[in-house]
Each structure stands twice: as C-alpha cells, then as structure tokens.
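Going line by line, the protein sequences match chains H and U. Counting from 156, one number per residue, gives the positions in the first sequence under the numbering used here. Counting from 156, one number per residue, gives the positions in the second sequence under the numbering used here.
Don't take every hint at face value.
Put simply, identical chains are the same to the list, so a pair is met inside one copy or across any two.
As the list claims (entries may be wrong) - Here are the simulated DSS-like pairs of lysine-lysine, each with C-alpha atoms no more than 30 Å apart in a straight line:
(1) Lys317 <-> Lys406
(2) Lys315 <-> Lys332
(3) Lys163 <-> Lys406
(4) Lys383 <-> Lys315
(5) Lys332 <-> Lys406
Calculated directly from the structure, the hints in this document are not laboratory data.
2 protein chains.
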Amino acid sequence: MNLSERKKVILRAVVEQYVQTAEPVGSKAVAAELGSSISSATIRNEMAELESLGLLEQPHTSAGRVPSPLGYRIYVNELMRRQKISTDDAQMITNALKSRTSGKSDLIDEAGVLASRLTTYPAYAMATVAGVTTIARFDFIFIDSHTFIIVTLLNNDTVKNKLIHLTVPVSPKMLTKLAAVFNASFTGIPEERITPALISSTERAVGDMIGVVAVIAGFTIELLCEAKAIDTRVTGTMNLLNHPEYRDVDKAQRLISYLTDDNELARLPLPNASGEVKFTIGPENLADELRDTSVIAVRYDVGDDLQGLIGVVGPTRMEYSKVAAKLSYIAQGLSVLLAGSDKLQLNPESKNSKLGDGGFGQDE
Amino acid sequence: MNLSERKKVILRAVVEQYVQTAEPVGSKAVAAELGSSISSATIRNEMAELESLGLLEQPHTSAGRVPSPLGYRIYVNELMRRQKISTDDAQMITNALKSRTSGKSDLIDEAGVLASRLTTYPAYAMATVAGVTTIARFDFIFIDSHTFIIVTLLNNDTVKNKLIHLTVPVSPKMLTKLAAVFNASFTGIPEERITPALISSTERAVGDMIGVVAVIAGFTIELLCEAKAIDTRVTGTMNLLNHPEYRDVDKAQRLISYLTDDNELARLPLPNASGEVKFTIGPENLADELRDTSVIAVRYDVGDDLQGLIGVVGPTRMEYSKVAAKLSYIAQGLSVLLAGSDKLQLNPESKNSKLGDGGFGQDE
DNA sequence: GTTTAGCACTCGACGACCGAGAGTGCTAAT
DNA sequence: ATTAGCACTCTCGGTCGTCGAGTGCTAAAC
C-alpha cells in the first residue's frame, strides 16, 4: 500500500489514539495530536480518502473514524514503532519464570498466566514435541514381593515412573529378566510399533508373568501417547471482561467458550519460524468466532525436539507493539529455561547452575 | 426456629419459586403453587409475618418477596427435600472420572471441571495430604558416566524422579554407596529435619562427591515441600456469567478475581467430616467478598493420608439440593477412584482392575 | 492547486416523562 | 380467622426532545 507520508502519519495517529481511548477519533483530535501543523479540515479530507481506501471506517455518520482490519494491518506492517519492554516487566517475567521449581508443563502454564496478566488479554500456551518419542531405557526397582517401580527414560531425557502392586509375587531376579527383555524389544520404537503381536511375543519370551508384561506394555503405550499430545492451556479468559468491546457478556462468553474448547484450539494461528511474532488481525483468522478479534502469537523452539507457542487473543483494538514485545520476551525466557531445565548442569565446585542469572537479555 | 406448618409451606414455596425464576415472588404466585387452597390475601399476611421474622425481604415496596440469607438457612436446614441425582448425571460423572487415565492432580482437576459443568457454577477442588510426607526409599539408576536418575518412593506410595547430569564423572559403585547413605540418613524424616547439618555430615560420610550430595538433598527437600502444598484448582469461573445476578460484569469480576487469588482460597469454608455437605449461605461466609454468595462444599477422605474438598460458589439463589446431590456423588466417586488409583490391583488371570465398574453407587 | 474557515446537517447519547402492570397493605365483610 | 376489594407504590419500558460531537461541502485564502 503506497500512502503519502501525511496519510501515514494520520493513520498512525488514528490507530494509536483509538487503541488508547476505545472511542472513534475525530479530525480535531488528530489535528491536536499532530501539533496543529495541519488544520482539522485538511485532516477531514485525508481521512475521507483513507476511508475510501478501506483503511478507516465510520461506525455511523457524524462519529469519528475507527481503523478497519486492513488499517490495522498496514499499521502493524509499516507504521508501528517497535516498543521496548519496560524494565519492570522484564524483571517480573524473569522472576516469575525462574521461580518455577520444576516441571515443563508447569513452566508453560506459568508462561500463559504471565502473558495474560501482563497483557490483560486471555493467553494460550502450547507445547509439543517435534520428533517421535521413544523409550530409551527401562529399569524396574524391586520394593517387596508384590510391588515394584517401573522407571523409564525417554529419548528426550525425561523420566517417567509408576508404582505397580501385583497380586502375584515377583522376585528381583524376575525383574532383571523383565528389564532385559523390555530393553531389548521396547526401546527406540514409537508407540505405533508396540503392537499386540509384539506384546504376545514378549510374553512368550518371558514365559512366566504374562499379566505383568501386559501391564508394563500398557504403561509404555500410555506414556508415549501422552508425550505425543499437544499440551495447551488457556488462561486469563476473564481478562476479556476488562475491555469495553467485551462488556457484552454474551459476546465475551461466545469467545471464551470457543477458546476453552479443546478441539478448536488447533485452529489458532501458528507462526512459522521460531522467535517470529505473528499478528493475525480480525477476519484474517480462519475461525469465524475470531472474526473480530486479533491474535498475537510467538513461537519458540527448544533444541530440535520441543516447540512451543504462546499467544494472546483480544479485540482488534490492541496495543500490538507492546503486546508483541512482552510475548517475545517471555518466549525468549522460556527458550532459555526449557533448554536448561531438565539437564541440571552441576559444577561441584561453584554450585552455580545454568539458571543462575538467565541468559536472556532484553528485547532489542 | 419454630414456624407454623403453613408458614413453612409458604417459605418453601417462595424459596423454590425464586430459585427457579430469579424474580421476586408474589402472594398470588404462591397461592397458585399451593393449589389455591388458601387465598392470596392470607398468604400476604403470612408473608408479612415471615418478613418481620427476617426470613423474607422485599427488594422494594410493591415487588414480591425474596428469601433472606436466614430464610435460605431455614430452608436448607428444615424444609429442603433431598434430591436424587439423575441417572444421566450419574452416568456422566462415572464416565468422566473413570476415563481419566492417571494422575492424582489430573483427577482432582477433572472433578472440578465436572462439578462446574454440572452445576453451572464455578467450582473449586482441593486436596492435601493429612499426614507428614517422608521418603521411604532412594534408588539411583546409572545411565552414563555423567548421568543418573534419582528415584524416590514416598511413604504415601507415590514415586518421584529426576534426571541428573553432572560435570564430574560418577560410577555405578559410587551410586550404590550414595544410595546406602541416603537410605540410612534421609528416609523416614520430614522435610524440617533435613538440615544443613545433616547434609554436611552426609557429605563427610561419602567423602567424595560433595556437590552431588547437595543436589540430591535439594531435590529431596523440594519434593517434600511440594507434597505438603495444598493443591487447589478453581474452574468454570465463566459460568458465573450465566446467572442473572452476575450480569453485572464488575460484580462478576470482583468475585472471580477473589476466587482466582491463591492466597484467599484458604478462607473458603471447609466441611468438618468426610462425606458431609456444608452449606455456607451469604453473610455466613468469613470473607467479605463472599457476602452475597453461597458456597456448597463436600469433603472426601481417602484412607488416612489424603483429604480433599470439592465445592462450588454461586449466588445465594442456588438449587441447594440438586447441587449438593451432584457434589456428594462426585466426592464419592473420587474417594473410590483415589483409593485405587495408585495401587493398581493386578490379577494376571482375569486382568480386571479395581476400576472395573466402579464401586460407588448412587446417592440415596 | 492546496489548504482552511465557516456552516448546515446528521446521528447517537442522555435524561425527562408517562402509562402499564404487578404487588402490596389496609379495611370491611364473611 | 379468612377473604374480597381497593387505593397506593414502585419498577419497567417506551417515546420524545435536547445536546454535542463530528462530518461534508462550499467558498475564500494562500
């Protein structure tokens, strides 16, 4: 879109003022903002042209103008000034993320809460493993004659376990045998390849303890399925109510129930590259329910195997720049923390860990 | 409170009608409900008396009457007819709870979601361990020269683990030694007794690998603290908006932000005994924010060590009886499932588990 | 040709007003 | 003790008129 410099300035002024006040902005207000180097009459003319270009719209005659979705798009692409995140916010993000003691899903949760609190919009956070998950290793810990623990190490270096009580007795020797068999047959293969055939051949191999094999196999399948699942959390939905466009309870509820519906989350926009912030404005959204909302999302990748997404949903009237800055700062923080969280780097002498003072600096 | 039989009938009619319609109910409507065996004029007189007793109130002259908090209290204590849960709902609860694959906190979460969906009110679910948590046993699994897994069995039969990467080498032999030391000194004691003194004496005992001892001890402390924490979830807050008394967005938000504030949850009412349903009506609540809401909560105990609570928060105009029936049904289901969830009873012949078809029947 | 002052016009927001309806309390009759 | 009747009260919903912000157009100024 090729606009005269003056039109650009006016469009930017309209967007920024409207974002602040939520009221249609009139020619006079723009003139004031621009230091009255141009008269309101001229601005009226320019605004009329911007309207015929489809960048502004009028709620009704004799009201001010409001940016159209296309207007926001031009603003985001060409006019928006990149915001720095405030040091307060940066501090807060760093602290909140670091204070999480452990647990990937906890951390992702926390990031969502943080994003929604900081932006005052509902946030969604999702994470998924990119590669295939397999079991790298089985161990069975003998507790007593009817009890043992399954410990599995996954190929992405997480550990899962389960305590098993049996009605038939087991011995440490049997467990050793089982471990050998499972480590031989069940490691390094994806969930699809754990077939009933494999299970029954394994049962034949151990001869005894048929039921136990089935239990362990079941646990393994459950585990691998769970790892494959995309973990998504939506938080801060109530924040919507703070914004005048969602004073209408029904409207707010429609959107929120859409966001809360697990099945629909797949249709939220997904940025293409790590670190990139994706703005999806109003009707650019695939889902009808998001037609008059904007979504800002940022992707972060951790190594090869984990990729995640954190985003917020709000009215098209959003502080695009500020929100983007906050989200990408959080995403950076997550990248750093997740990269280090499961692999605690221990140096016996100095005892400082990778989490020490954070590797993530301030956004641009 | 000693009321004439007729007053009781009228009070009950007012409460039940008001709960249905959310409109103040007039003498005529009560007369109709009561089969017009009494005239509306008589009922007017009775209602005037009920008002002077403090059981009914008038929003304004020339409107119908509305139950006062005290009125609801009398209703709940003396007049309410116990409701049976519908078989549909029972089925739904059973299915939803059984379909959860695993994980205590998942199950509690699910129960909250269920409660809020079924009752259309925000629900809160919490669970805590009653006794002290200690570690029953340590195992260390050697992975490679710089990596091992800590596996701990807690005294409540849950297993926790962590993968540790070191910058210094370890050997299986060292891990065996460590396990012996930790099993000797760190088992069976609560978190408070893991003191710096204990840690440093342990460090001296192993001689080598000072840093590793500290890491393991740190993990242990973290674990025990986590186990002590009360796990609370609030779900379905948006349900509030469905109820006419919360059409006012600000009012809804005040309540929701109160419920979402972790620090305040401690002040929600707690039933005294397992299985008991506790009704807390309006001003009976300690917290100012709950002054015009009612809370219905039910407690469930699982064995000696785990106790939980599930409740809903709503306007005083609630279907007390139905909500109570649903909650106690859910609580029963939780008791049964939680009692069995961590100890999978395996019978190799028939393969049916304790979860088979559920041990919890219908609430009287 | 571009910019600007001036002016008539449009349209939504807000408040006043008013009638309808529901429900009450009181009185008098049963 | 109960009930019919009636005057009274108060809310709710709709209509109407005013107010003000903002526009588009025209004509003058630069």
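Review point. How would you classify lysine 383 and lysine 315 at a CA-CA limit of 30 Å: within, between, both, or neither?
Key: both (14 Å within a copy, 21 Å between copies)
Point to revise | Identical-chain pair category, lysine 315 with lysine 332, by Cα at 30 Å | key: For lysine 315 and lysine 332, the Cα distance is within 30 Å both inside one copy (20 Å) and across copies (24 Å).
Check your understanding: 30 Å Cα cut-off: does lysine 332 pair with lysine 406 within a copy, between copies, both or neither?
Key -> For lysine 332 and lysine 406, the Cα distance exceeds 30 Å both inside one copy (61 Å) and across copies (64 Å).
Review point. Can you tell me if lysine 163 and lysine 406 fall within 30 Å by alpha carbon in one copy, between copies, both or neither?
Key: For lysine 163 and lysine 406, neither the intra-copy (33 Å) nor the inter-copy (42 Å) Cα distance is at most 30 Å.
Check your understanding: Between copies, within a copy, both or neither: which fits lysine 317 and lysine 406 at Cα up to 30 Å?
Key -> The answer is neither: 45 Å in one copy and 45 Å across copies each exceed 30 Å.
Violated hints for the displayed structure, listed by number in ascending order: 1, 3, 5.
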